[in-house]
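Given the sequences, and given the hints that come with them, work out the whole structure.
2 protein chains.
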Amino acid sequence: MSANETRQQIVDVADRLFYERGYEATSFADIAKDVGLSRGNFYYHFKTKDEILDTVIERRIANTRAMLDAWEQDIDAPAERILSFVHILITNRTQIMAFGCPVGTLCNELAKLEHAAKEDAARLFSLFRVWLTRQFVTLGREADADALALHLLMRSQGVATLATAFRDEDFIRREVADMEVWLLAQSPAASRQRSHQSA
Amino acid sequence: MSANETRQQIVDVADRLFYERGYEATSFADIAKDVGLSRGNFYYHFKTKDEILDTVIERRIANTRAMLDAWEQDIDAPAERILSFVHILITNRTQIMAFGCPVGTLCNELAKLEHAAKEDAARLFSLFRVWLTRQFVTLGREADADALALHLLMRSQGVATLATAFRDEDFIRREVADMEVWLLAQSPAASRQRSHQSA
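One line per chain: the protein sequences are A and B, in this order.
In this text, residue positions in the first sequence follow the numbering used here: the first is 1002, and each later residue adds one.
In this text, residue positions in the second sequence follow the numbering used here: the first is 1002, and each later residue adds one.
Honestly, the hints are just simulated from the structure, not real lab data.
Cβ coordinates follow ideal geometry from the N, Cα and C atoms, glycine included.
It is possible that some hints are incorrect.
Quick partial rundown of chain A residues pointing at chain B, CB under 7 Å, derived from the structure [to be verified]: (1) Gly-1101; (2) Met-1155; (3) Gly-1159; (4) Thr-1162; (5) Leu-1163; (6) Trp-1183.
What follows is the structure, encoded as structure tokens:
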């Protein structure tokens, strides 16, 4: 295995363990063991757990950006793009019920640790926020696009946390259906319809 | 200081440190240092960190129950009682922006650790869930009271996680206002009004 492949494998394993067990609960030795490396060989690639964390966050940012770019390229309607985001909760439900949302739980843990990388981890949320904001603008909601983006991110985080506590798949599906109804009501056409009814 | 007072102080400090730093990141030594105890004296009270965690969770459950009982006793209207729950986000906003929700972050951490106490920690959520369900039943929403309770808990958790990531007080206040509007729309009278408009 080349040095580059070994490094890649360390980051793969660390990414998974930080998510499944938490950053603080994952030791250098845990990562080395899962990769099958001696300590000496491991230190050649990374001197500290913080360095690994930085690399893991960079990679998560790159992967998230690639996913969001692909949705924007492959899907025309902004509401459909937003639905792709909402449906992460269904696609990843098994991992979410076991370990929560990888972004939310990492941000929470690093905030408590007052870790230097906490702002970097929050950039993962910002990626989703900016992307969702752009979709709501395209949907015709320029004035409150950022608030709508944060609202949807908020619901997605809340569902993830309760899904972990109660491990209830029906709850996830019900809340996703509710988010779909909410999204439908956010198109300016739907708003006009509502105003008309209230008049 | 009596043995009982010392024990109480250990639990106070552990409760705070588990919240502010996380369970895994808090060591026996950290707790002993903040209480000002020797290791020997400390071990007289607690042999393991798990024992302390169990006691901390028991105490949080007792405190939460007392808070919810008081709201039920002091406030007549179920919608007003539910608002007391929603307003925790405002009252505790400083701690939430720094450390997240004490219930949600503990449940997430213990789930990742596959810790034996994770079900006990989830009982904290169940307390809120059962209490909120009872309020929605009183509000006249028997049929979907539990779903409404989970929905509100979900929003509260989502707000807490994003508040920690973005440290944005305006976001908290906007989402709380949104929850108030949502709550108002949940009374059966409001539902009838909506049906009438749609007809």
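Here's how the hints hold up against the structure:
no. : hint     : verdict
1   : Gly-1101 : holds, 5 Å
2   : Met-1155 : holds, 4 Å
3   : Gly-1159 : holds, 3 Å
4   : Thr-1162 : holds, 4 Å
5   : Leu-1163 : holds, 5 Å
6   : Trp-1183 : violated, 10 Å
Hint 6 alone, counting from the list given before, is not met by this structure.
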